[in-house]
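All chains, full assembly: derive it from the sequences and hints.
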Amino acid sequence: EVQLVESGGGLVQPGGSLRLSCEASGFTLSDHYMDWVRQAPGKGLEWVGRIRNKANSYTTEYAASVKGRFTISRDDSKNSLYLQMNSLNNEDTAVYFCARGTCRRSTNCYYYIDYWGQGTLVTVSS
Amino acid sequence: DIQMTQSPSSLSASVGDRVTITCRASQDISNYLVWFQHKPGKAPKSLIYDAFSLQTGVPSKFSGSRSGTDFTLTISSLQPEDFATYYCQQYKSYPLTFGGGTKVEIK
Chain A
1 EVQLVESGGG LVQPGGSLRL SCEASGFTLS DHYMDWVRQA PGKGLEWVGR
51 IRNKANSYTT EYAASVKGRF TISRDDSKNS LYLQMNSLNN EDTAVYFCAR
101 GTCRRSTNCY YYIDYWGQGT LVTVSS
Chain B
127 DIQMTQSPSS LSASVGDRVT ITCRASQDIS NYLVWFQHKP GKAPKSLIYD
177 AFSLQTGVPS KFSGSRSGTD FTLTISSLQP EDFATYYCQQ YKSYPLTFGG
227 GTKVEIK
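Protein sequences appear in the order of chains A and B.
With the numbering used here as the guide, the letters of the first sequence map in order to residues 1 to 126.
With the numbering used here as the guide, the letters of the second sequence map in order to residues 127 to 233.
Watch out, some of these pointers could steer you wrong.
Said to hold, decoys possible - With a Cα cut of at most 30 Å, we get these calculated DSSO-like pairs of lysine-lysine:
#1 A:K67 - B:K168
#2 A:K43 - B:K218
#3 B:K171 - A:K54
#4 A:K43 - B:K233
#5 B:K171 - A:K78
#6 A:K43 - B:K165
#7 B:K233 - A:K67
#8 A:K67 - B:K218
#9 B:K218 - B:K168
#10 B:K218 - A:K54
Said to hold, decoys possible - With beta-carbon atoms standing in for the labels, derived distance ranges:
#11 B:G226 - A:Q3: 27 to 35 Å
#12 A:P41 - B:S133: 20 to 28 Å
#13 B:T200 - A:G44: 15 to 23 Å
#14 B:S138 - A:Q118: 24 to 32 Å
#15 B:D127 - A:R69: 12 to 20 Å
In case anyone wonders, no lab produced these hints; they're calculated from the structure.
Cβ atoms here follow ideal geometry from the backbone N, Cα and C, with glycine treated the same way.
Have a look at this one:
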């Protein structure tokens, strides 16, 4: 069974930093892309960023709203995904979800999200 | 960026109703669209990928279709467990973008 469990959320002051973790189980992490998605209170889903798999050199993509402040990394040997968040502001308050990216084709792959964690709440407030 | 315009933003329906939700992409995304179901406090659930393909384990009452840049999620017979918020997302290009969501409520 695929499981994704986020941790590391909490209360942080504006300008502060926080590191989220996501522990993956039930599948081979190294085969997949991994995403972070967030949901601010009362709002819809917002894609934060993605890290590709080893076969695609672990390259990353980010939403404009977090680029330069957030960094996604992974350690496949520990079955873990990370989100380092710096220079946090009130607009970053949200539940943060990790999600697995999958492609079912053998060529010309476009990765879509097929499994999600339950999320961890980050509150930025003084 | 590709904009995903989802409609309606909310709807009220009864058990047994057929429900249709639409997403319009601001440019061609081929079939690179996924639909999610999200209930409060739960992990979102993937329903349909590649616009039409049912995710493993998802009941066949859910279906997806495409006409150009318009995509539709249909629930053939709404059940109590289907009351939730539904989102579309395109994965043709970065940044990946979501529709604004459709909250399906009980009439």
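Do the hints match the structure? See the list:
no. : hint                        : result
1   : A:K67 - B:K168              : holds (27 Å)
2   : A:K43 - B:K218              : holds (23 Å)
3   : B:K171 - A:K54              : holds (26 Å)
4   : A:K43 - B:K233              : holds (23 Å)
5   : B:K171 - A:K78              : holds (25 Å)
6   : A:K43 - B:K165              : holds (13 Å)
7   : B:K233 - A:K67              : violated (42 Å)
8   : A:K67 - B:K218              : holds (20 Å)
9   : B:K218 - B:K168             : holds (26 Å)
10  : B:K218 - A:K54              : holds (21 Å)
11  : B:G226 - A:Q3: 27 to 35 Å   : holds (29 Å)
12  : A:P41 - B:S133: 20 to 28 Å  : holds (23 Å)
13  : B:T200 - A:G44: 15 to 23 Å  : holds (21 Å)
14  : B:S138 - A:Q118: 24 to 32 Å : holds (27 Å)
15  : B:D127 - A:R69: 12 to 20 Å  : holds (19 Å)
Hint 7 from the list above is the single one not met by this structure.
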